[in-house]
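Each residue of the first sequence is one higher than the one before, starting from 1 at the first, in the UniProt record's numbering.
Since the hints were derived computationally from the structure, they do not count as laboratory data. There may be inaccurate statements among the hints.
To be verified - Derived pair list, reagent style DSS-like, types lysine-lysine, alpha-carbon separation capped at 30 Å:
#: 1; residue 1: LYS204; residue 2: LYS152
#: 2; residue 1: LYS150; residue 2: LYS204
#: 3; residue 1: LYS125; residue 2: LYS271
This one's a predicted model, so the numbers in the text were calculated from it and none came from an experiment.
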Amino acid sequence: MPELPEVEVSRQGISPFMVGETVMRVVVRNASLRWPVPSEIQDMVGLTITGIRRRAKYLLLETDWGTAILHLGMSGNLKVLPHGTVAGKHDHVDIELSNGKLLRLNDPRRFGCLLWTREPAEQHKLLAKLGPEPLTDAFSGDSLYERSRKRKIAVKQFIMDNHVVVGVGNIYANEALFSAGIHPQQPANDIDNARYAALASEIKTVLARAITQGGTTLKDFTGSDGKPGYFVQELQVYGKAGLPCSACGGLLQEVRMGGRSTVFCPLCQPKRSA
DNA sequence: ACGCTCTCCTGTATGC
DNA sequence: TGCATACAGGAGAGCG
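Make the full structure from the sequences, and use the hints.
See below:
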């Protein structure tokens, strides 16, 4: 499942093949993604891709006339392929380029989206209210601390709130809380500044590390070059309920929070009030 | 503003 | 072997 590192790996993978190229054709085989792919996506034809940026888990394919907003949802995957490559199941959209390549979006569960906007992408409804990027200085222990003072929800759900910080999905939330020694069910407003400093630091570390490892391949994630991510080998708690904690040897415990699998070490991540 | 539930979807795993 | 069911979850929508 693509989280921020997987989206960033995809961005880095496709950019060299796309930036500076002109869109020759957009083929939409199945427009039924999370929101229907709008017919205006055809406005891309004839435009040159000037850059590919990432905001949260959205990829922004920029041109001088508008921006395509792409999200991979739960199961989306991007590949760069030669023109004429036969499409398979769940290959919903191709963006064909002037260099003979095409960008192909495959998304079995269709939780992803592909939209087109002429306004600055940051002002788009989907992006306008997002919190800071975790790998920038705008995100810090201080920002977590300040935003959490009136929040009673569990810290895990707090850091997965896109208004607080973007790009922290279930896997990396579990991992960062473990590394910071914070119990996932601790109320957000019951954690002090020092512990939030540790948590922000661990979030940055785990996300940056995952990007360098090519993301986390759980089932079928691959980069745009088809290679899997290797961060799965470095997971400390996610998917390891019942196994011994790598730090203390105690058994990792699993609970469900908001429908999400939550794994932690009761000994290394004690509940402690600020 | 906050916190909770619901919803979208299909591949995979499990139980009968 | 086949069917029914549960589960995985990003994140917007809608409710109280």
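Hint-by-hint comparison with the structure:
Under the criterion of a C-alpha separation no larger than 30 Å, the hint pairing LYS204 with LYS152 is consistent with the structure, at around 24 Å. Straight-line distance between C-alpha atoms of LYS150 and LYS204 comes to about 24 Å, which keeps the hinted pair within the 30 Å bound. Taking the CA atoms of LYS125 and LYS271, the gap is near 37 Å; set against the 30 Å cutoff, the hint is violated.
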